[in-house]
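Asker: In order, the protein sequence lines correspond to chains U and C. First residue of the first sequence? That's 1 in my numbering, and the numbers climb one at a time after it. First residue of the second sequence? That's 1 in my numbering, and the numbers climb one at a time after it.
Hints in this document: simulated from the structure, not taken from any laboratory. Errors might be hidden in some of the hints.
From the structure, some residues in chain U lie toward chain C, with a derived Cβ separation under 8 Å [stated by the list, open to error]:
id	residue
1	Ala149
2	His153
3	Ser154
4	Ser156
5	Ile239
6	Lys258
7	Ile261
8	Pro270
Result set (DSSO-like, lysine-lysine): computed pairs, CA atoms no more than 30 Å apart in a straight line [unchecked claim]:
id	chain 1	residue 1	chain 2	residue 2
9	C	Lys204	U	Lys267
10	U	Lys267	U	Lys325
11	U	Lys267	C	Lys274
12	U	Lys131	C	Lys204
13	C	Lys3	U	Lys83
14	C	Lys204	U	Lys292
15	U	Lys137	C	Lys274
Cβ-Cβ distance ranges computed for the label pairs, FRET-style [stated by the list, open to error]:
id	chain 1	residue 1	chain 2	residue 2	range
16	C	Glu297	U	Gly59	33 to 41 Å
17	U	Ser156	C	Gly20	20 to 28 Å
18	U	Glu134	C	Asn246	55 to 63 Å
Even for Gly, the Cβ is constructed at its ideal location relative to N, Cα and C.
Each chain, letter by letter, is given below.
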Amino acid sequence: MSHLLQVKNLFTTFNTEDGLVPAVNGISFNLNHGESLGIVGESGCGKSVACLSIMRLIGHPGKVTADEMLLDGTTLFSLSEKKMRHIRGNDMAFIFQEPMTSLNPVFTIGFQLQEAIRLHQGFSKDSAEDKSVEMLKMVGIPRAEKVFAEFPHSLSGGMRQRAMIAMALSCEPKILFADEPTTALDVTIQAQILEIMTDLRQRINTSIIFISHDLGVISEMVDRVIVMYCGTIVEDTDIRTLINEPKHPYTIGLINSKPRINIEMDKLEPIPGSVPNPLHMPSGCPYHPRCKDVMDICRQEIPKKLEYRSGHDVSCWLYSEQGGKMSRDKTYR
Amino acid sequence: MTKPIVEMENVKKYFPIRGGVFSRVVGNIKAVDDVSFSINKGETLGLVGESGCGKSTLGRTILRLLEPSGGQVFFKGNNIFETEKHEFQKLRRELQIIFQDPYSSLNPRLNVGEIIGESLEIHKISSGKEKQKRVEYMLEVCGLAPHHHRRYPHEFSGGQRQRVGIARALTLNPDFVVADEPISSLDVSIQAQIVNLMEDLQEKFGLTYLFISHDLSMVRHISDNVAVMYLGKIVEICGKSELYDNPLHPYTQALLSAVPVMDPDAKSQRIILKGDVPSPANPPEGCNFNPRCRYAEKRCRLEEPELREIDSGHLVSCHLVEKG
Numbered sequence: 001m002s003h004l005l006q007v008k009n010l011f012t013t014f015n016t017e018d019g020l021v022p023a024v025n026g027i028s029f030n031l032n033h034g035e036s037l038g039i040v041g042e043s044g045c046g047k048s049v050a051c052l053s054i055m056r057l058i059g060h061p062g063k064v065t066a067d068e069m070l071l072d073g074t075t076l077f078s079l080s081e082k083k084m085r086h087i088r089g090n091d092m093a094f095i096f097q098e099p100m101t102s103l104n105p106v107f108t109i110g111f112q113l114q115e116a117i118r119l120h121q122g123f124s125k126d127s128a129e130d131k132s133v134e135m136l137k138m139v140g141i142p143r144a145e146k147v148f149a150e151f152p153h154s155l156s157g158g159m160r161q162r163a164m165i166a167m168a169l170s171c172e173p174k175i176l177f178a179d180e181p182t183t184a185l186d187v188t189i190q191a192q193i194l195e196i197m198t199d200l201r202q203r204i205n206t207s208i209i210f211i212s213h214d215l216g217v218i219s220e221m222v223d224r225v226i227v228m229y230c231g232t233i234v235e236d237t238d239i240r241t242l243i244n245e246p247k248h249p250y251t252i253g254l255i256n257s258k259p260r261i262n263i264e265m266d267k268l269e270p271i272p273g274s275v276p277n278p279l280h281m282p283s284g285c286p287y288h289p290r291c292k293d294v295m296d297i298c299r300q301e302i303p304k305k306l307e308y309r310s311g312h313d314v315s316c317w318l319y320s321e322q323g324g325k326m327s328r329d330k331t332y333r
Numbered sequence: 001m002t003k004p005i006v007e008m009e010n011v012k013k014y015f016p017i018r019g020g021v022f023s024r025v026v027g028n029i030k031a032v033d034d035v036s037f038s039i040n041k042g043e044t045l046g047l048v049g050e051s052g053c054g055k056s057t058l059g060r061t062i063l064r065l066l067e068p069s070g071g072q073v074f075f076k077g078n079n080i081f082e083t084e085k086h087e088f089q090k091l092r093r094e095l096q097i098i099f100q101d102p103y104s105s106l107n108p109r110l111n112v113g114e115i116i117g118e119s120l121e122i123h124k125i126s127s128g129k130e131k132q133k134r135v136e137y138m139l140e141v142c143g144l145a146p147h148h149h150r151r152y153p154h155e156f157s158g159g160q161r162q163r164v165g166i167a168r169a170l171t172l173n174p175d176f177v178v179a180d181e182p183i184s185s186l187d188v189s190i191q192a193q194i195v196n197l198m199e200d201l202q203e204k205f206g207l208t209y210l211f212i213s214h215d216l217s218m219v220r221h222i223s224d225n226v227a228v229m230y231l232g233k234i235v236e237i238c239g240k241s242e243l244y245d246n247p248l249h250p251y252t253q254a255l256l257s258a259v260p261v262m263d264p265d266a267k268s269q270r271i272i273l274k275g276d277v278p279s280p281a282n283p284p285e286g287c288n289f290n291p292r293c294r295y296a297e298k299r300c301r302l303e304e305p306e307l308r309e310i311d312s313g314h315l316v317s318c319h320l321v322e323k324g
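Using the sequences plus the hints, can you model the full thing?
Answerer: In structure tokens:
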């Protein structure tokens, strides 16, 4: 079966006054039909930029290159801007992090919802209105007919995010990018939004790319996870394996530095240091200055993607012949 | 038993709503309404709640950074709210605060040495070489290098800035520190560093913390006791294990169940709360929580529940929780 989305060697660089900033540094991944994929990483690791690059929403001074970027077999790069606009919102939709700033304050919720429906699906004004109200009801907005005529400022954060979700799903996209959709919200509201998203995903059968820095949210929402660090993918596996048997030292560090709500721990184990400045990337593996299992080779060469097990890729020298960790695990091929 | 270092009695902070022709006071936003609790020396009280529930206002009111509307706060027996202003400055030495946003809480025009040393001069404790020594010591204690005192805030990362914020709060050797969401603007891997630093410093200097946060997992990790706030009131307060293992207030139960667990196999028994937090300008009749509560009865809509002791050291404000 062919993949819904295929990305191979995606690079996004920003040409700034201080020099070239490689925000995304050669990432490759596939997304299957109906799959939900999580992207985890700290701020600045390139997770949002990667998704915006796929949507071709990176403007000047950014530059996107890739060996391959296929949506259902169509190369996204070769499309004209006009065709791309047809795909955006229709085949691929985006939910932004901040519901406060991503809605236009001078238009009503209804107008903004209708816009996409009429543009992409050719609905008449009346039927678009019906469809918008129906979408608002679907995401659990009470008094949907009234909210339709209201402006964004009169809605709370949770309600705005629901309106965003309604907008993104109104054309039943093949892929939904959700960029930290709940980070700006309180936990009880976050629980409401996550429930709506899980419920809608089952109804519409959309593939989701879910970006978050919170492994708790990720482990509830997705089947497979990509862990990103400094613009590269360091680990790629299913969620169960990632939480129970993380392999990359960064993933292990991320999991250990987070306290659990159901277990009491004596001491947290933070990752020492901080994320390097993208203008002065360390040589070799970008994680080596913070890694506790660092070896000589890590300082010299960037590790390649290794298949630790089928369906579990790690980019770390520890699991290569030099690191010797591969031999201990019998299931390694 | 250890003596409480901070005791609060019926602390209130109302913000007036003005309107009409002569900007008369037409109502009050009860940001903090009748809050009483105490913190023992060397302990950490975690204060949790959703945004807008009044946690930060409470933290600032305790330190009199905001003038209170009522109530009393005793610090080592002194009534903070009734101390004269010039007298109060002496007390300020022992009461410090760490702010949420390390990007906006450090003056960008001062270098780190000036930021940390400023309070030593204001309180006329030391100046010149002596001050310099103290600044360098504090930087070292907080995990920065002594030579960093010449740098400016923009030269540091978020985690390092928060370390500067902590060093500034601790230069005067305070006894009580309010930490107002000290980690919420930091990355996950940095949060643990800061929390570990705060724990080490607590042990070293015998500090007492009021740790304000909405991160329930982190509060469980750092606190001894936890208070849950909703719409300006404390709804539940008790020891942390008791609170997390046996929450009694329906709001606490819902709040705890809403936290995503890092375990894909966990069976979620989530209590989804309906609706949003009501506006504090127009709180509901009776129990504040009744419009969102799944157990609400007639009594909850009419009478306001009191915070009462259900078990030893476990206080809950709910009509429906039975004693024992």
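Asker: Please go over all the hints and tell whether each is borne out by the structure.
Answerer: Hints, one by one, checked against the model:
Interface restraint check: U:Ala149 against chain C, minimum CB-CB distance 20 Å, threshold 8 Å, status violated. At about 15 Å, the closest approach between the beta carbon of U:His153 and any beta carbon in chain C exceeds 8 Å, and the interface hint on this residue is violated. Interface hint status for U:Ser154: violated, as the beta-carbon distance to the closest one in chain C is roughly 13 Å, over 8 Å. Checking U:Ser156 against chain C: minimum C-beta separation of about 5 Å stays under 8 Å; hint holds.
Evaluation of the U:Ile239 hint against chain C yields a held restraint, the C-beta minimum of about 5 Å falling below 8 Å. Taken as an interface hint, U:Lys258 checks out: its beta carbon lies about 6 Å from the nearest beta carbon of chain C, inside 8 Å. Nearest Cβ of chain C to the Cβ of U:Ile261: about 4 Å, under the 8 Å cut. The hint holds. At a threshold of 8 Å, the smallest CB-CB gap from U:Pro270 to chain C is about 3 Å, leaving the interface hint in force.
Proximity of C:Lys204 to U:Lys267 is assessed by CA-CA distance (about 16 Å); at most 30 Å being required, the pair is judged to hold. Among the hinted pairs, U:Lys267 with U:Lys325 is consistent with the structure: their alpha-carbon atoms are about 27 Å apart, no more than 30 Å. Using a Cα cut-off of 30 Å, the hinted pair U:Lys267 and C:Lys274 is violated, with the two alpha carbons roughly 36 Å apart. Taking the CA atoms of U:Lys131 and C:Lys204, the gap is about 63 Å. The hint is violated against a cut of 30 Å.
Taking the CA atoms of C:Lys3 and U:Lys83, the gap is about 72 Å. The hint is violated against a cut of 30 Å. With a C-alpha separation of about 27 Å, the suggested pairing of C:Lys204 with U:Lys292 holds against the 30 Å cut-off. A C-alpha spacing of about 15 Å is found between U:Lys137 and C:Lys274, which places the hinted pair at or below 30 Å, so the restraint holds. Restraint check, C:Glu297 to U:Gly59: a C-beta distance of roughly 57 Å breaks the suggested window 33 to 41 Å.
Hint check: U:Ser156 to C:Gly20, Cβ distance near 27 Å, so the stated range 20 to 28 Å holds. For U:Glu134 paired with C:Asn246, a C-beta distance near 43 Å fails the hint of 55 to 63 Å.
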